[in-house]
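I would like the entire structure built from these sequences, with the hints used as guidance.
So the protein sequences, as listed, match chains A and B.
Each residue of the first sequence is one higher than the one before, counting from 1 in the working numbering.
Each residue of the second sequence is one higher than the one before, counting from 1 in the working numbering.
Hints in this document: simulated from the structure, not taken from any laboratory.
You may find that some hints are simply not true.
To be verified - Taking lysine-lysine pairs in the BS3-like style, the calculated list, with each CA pair at most 30 Å apart, reads:
hint, chain 1, residue 1, chain 2, residue 2
1, A, 70, B, 42
2, A, 57, A, 70
3, B, 42, A, 57
4, A, 70, A, 11
5, A, 11, A, 53
6, A, 11, A, 57
7, B, 111, B, 56
8, B, 56, A, 11
9, A, 57, B, 67
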Amino acid sequence: DAGITQSPRHKVTETGTPVTLRCHQTENHRYMYWYRQDPGHGLRLIHYSYGVKDTDKGEVSDGYSVSRSKTEDFLLTLESATSSQTSVYFCAISESGLPRVAGKRNTDTQYFGPGTRLTVL
Amino acid sequence: QKEVEQNSGPLSVPEGAIASLNCTYSDRVSQSFFWYRQYSGKSPELIMSIYSNGDKEDGRFTAQLNKASQYVSLLIRDSQPSDSATYLCAVNSMEYGNKLVFGAGTILRVKS
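Here is the structure:
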């Protein structure tokens, strides 16, 4: 998984409780992303970060917040979890956010972590 | 209209056959196109990336891009049962700050 870990891998929580998911990378990539994956919807971008303390919203950001205080860590917080946030959450990283070829690498290629399965009862 | 569309399948092919997976996208200025493979319960794994019109081959996989028709495809030659998975098409979209938009995926089943 390209030096990406996610914690916890599984979590069951109750409606209204706060939840924080952590993504940790050892690749020193600048860009980090949080997606959720639901049946019939594919992967949808929640938030992304383009540097320490630099974040922006994605397609489905309502109800979620993020923080990035270090290059290697990107946190996703559900301030008050709802049943509609039951999903599988994936973190991804990329060297850059724009199509660019550096040697034989495409620097905007995203690599995914193992995922976190979250159930909100 | 969805940004990236894929037939959900399942697409069933016999072992050894060519599997053809298709994807259409709506953003005419998209520049980056990716195919990911995802096994059940696992994370997406990059198979191919393509940026220019035409074909790009890597082992048994060939990605084809036609920007005029806004169409990208993935061919898998000599399909194996281990290729059975969901294949996700991803395209960068200016609407979302040049970030990737994913299709819902096509389920491929290779029967031995």
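Against the structure, the hints come out as follows:
no. : hint         : verdict
1   : 70/A x 42/B  : 27 Å, holds
2   : 57/A x 70/A  : 19 Å, holds
3   : 42/B x 57/A  : 25 Å, holds
4   : 70/A x 11/A  : 24 Å, holds
5   : 11/A x 53/A  : 26 Å, holds
6   : 11/A x 57/A  : 24 Å, holds
7   : 111/B x 56/B : 26 Å, holds
8   : 56/B x 11/A  : 41 Å, violated
9   : 57/A x 67/B  : 28 Å, holds
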